[in-house]
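Protein chains in written order, with our numbering: chain Y, 1 to 345; chain P, 1 to 345.
This list has only true hints and no planted wrong ones.
In this list, chains with the same sequence are indistinguishable; a pair is considered to hold if it fits within one copy or across any two.
The calculated lysine to aspartate or glutamate pairs, modelled on DMTMM-like cross-linking and capped at a C-alpha distance of 25 Å, are:
#  : residue 1 : residue 2
1  : Lys272    : Glu235
2  : Lys5      : Asp93
3  : Lys5      : Asp104
4  : Lys43     : Glu62
5  : Lys272    : Asp324
6  : Lys5      : Glu317
7  : Lys43     : Glu317
8  : Lys43     : Asp11
9  : Lys5      : Glu62
10 : Lys5      : Glu89
11 : Lys272    : Glu233
12 : Lys272    : Asp299
13 : Lys43     : Glu76
No lab work stands behind these hints, which were simulated from the structure alone.
Bear in mind the structure is a predicted one, so any value in this text is a computation, not a measurement.
Spelled out from the first residue to the last, the chains are:
Number of protein chains: 2
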Amino acid sequence: MAQAKLTIDLDALRANWRALDALSAGETAAVVKAGGYGLGAGKVGRALAQAGVRRFFVALAEEGAALRQALGPGPEICVFSGHMAGDTEMIRDLGLVPMINSIDQMLRQVEALPGAPFGLQLDSGMNRLGMEPAEWAALRDIALAQNPVLIMSHLACADTPDHPMNARQLQVFREMTDGIDVPRSLAATGGILLGPEYHFDLTRPGIGLYGGLPFAEAAPVVTLEVPVIQVRELEPGEAVGYGGAFTARRPTRIATIAAGYADGLHRIMGPKASLMAGETRCPVAGRISMDLIGVDVTDAPEVPEALELLGQHQTIETLAGWCDTIGYEILTALGPRLNRAYRGE
Amino acid sequence: MAQAKLTIDLDALRANWRALDALSAGETAAVVKAGGYGLGAGKVGRALAQAGVRRFFVALAEEGAALRQALGPGPEICVFSGHMAGDTEMIRDLGLVPMINSIDQMLRQVEALPGAPFGLQLDSGMNRLGMEPAEWAALRDIALAQNPVLIMSHLACADTPDHPMNARQLQVFREMTDGIDVPRSLAATGGILLGPEYHFDLTRPGIGLYGGLPFAEAAPVVTLEVPVIQVRELEPGEAVGYGGAFTARRPTRIATIAAGYADGLHRIMGPKASLMAGETRCPVAGRISMDLIGVDVTDAPEVPEALELLGQHQTIETLAGWCDTIGYEILTALGPRLNRAYRGE
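Sequences and hints are given; from them, build the entire structure.
Below, the structure written as structure tokens:
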């Protein structure tokens, strides 16, 4: 068994949702796009449904279809990319709720699925998805006559609380929607933390559920343990791995462990990365290769059967710091070859 | 349908194998670890079996089990990580051939599966996997008496042809194995290109099959097309995406496309990346987010339904250059959400 083990703590996931729900003024949904941020949308979705989530968000209709299979009928599944050409059957047969983001999509929805539930996505300044103020002014009366179930927008800078963009987007969203008798949603995790004026009727936490920043109080959800295949002793001057990028400067013990960049452990983190052998931090020795990593375990009193890459000592934010990215990407990069084990199912 | 489409050209894959086979002095195997370098081990394995491959290599016994299901009985499936605790049943029931890399593994193999086929992995200087010269000297007679089917080692610097490590490893491998009447293997793609003295009885190409360097003559195997969800017009001064990282300096047309770092498109490539709208190169505008990318399509005469990220104009090496990595990682990072379509099945 050389398969690395990714343990997903569904109790921690549910605790994070409850904490964000307690902070939210209205209903609290859950974002489970990108396969539940890489942790398994079905398992994550079912665990959150148990905790009380009644509305889920995914990126694509295909993700919505897979989630419906896992959840069964009942929970609402909203699709951020809206109603694309080719999506009609999935939306209809699986009861998905597209978040319509353009006039084109609005026409497609109303023509193909008259009377079916949908939401409206407005652009309040991010210029990514949703109708802009001018477009919205032209379409608004027609769209509202079709009884949307939700009007939403998304914040571009919510992870930076004092960014002036937040207040500006809030104001634009208000101007576009005040007085409309449809539930509204603006905030994801970062927006929840900005305070209740950003919450409206529904919040949509994503990263905070999975233990990531900006929700600093989040409980960590993932542990990643990588089996040791082989241990060897090096003399000073011997090199390790591709390009001989690590050279031993003292008598050195190297553990070769069974994971690599094919498992989503970004190759560029190599020189900065370390793993834990019990309480001992052990630096990566040389390049991360596709399936294997050399680790300098010289200072560990003993070499356990597996080294810990993610856990109590090193979080997704730690790894993100090693490769100039954000915790979100560390999670979604975790590859399909990892053996996912669920705690608290 | 907002799902991005990854097209895998199995004809090109087979052509690459045939080209590397023509360069190889002896038998030519195929490395299909990491899910066939991210392209689907089952489909890739079956296509290569059709082309004549009789021996495959994977990283883990679990990968071997999945490949056996796809290939059926017949082809030999070798496991680089060898025989780990817990692997015995898979090795026995699915007829896998572990590449034994330590005395511990040798004992496990001989005790649990006496008489079953296995290979031997020697360390000729990479200090990653395999028995070292001293270990090998002690074990050699016992190991050879068990009739290994292959003796192999791996080159650390084969992608750099003039690196002195290549000749040194060749010499060590020869010293460890000359005179032994067992088939030998040292070369992967890079080793094939170093010339016939590196080939021995069996070569094990990986990256070259999939269109990557160092096999510069390889035919490209992958095309990645990302659907456009929405197009919007920006006035100068308007910003796009998270953190407002892109600001329009002219009247600008932005296409929001349906892929992101959750699909393995590394977030850090953002500022350098571009996509093709037909023959027009269109730069990424702002940050790559989890499921969406803004693209500046102002210069495109028209906006097609999908933009091309990988194809004739931009290869895996192009993308690798944008994020300081190698083509191998671009391939293996391609995420499970992409719709994989196979040409030449």
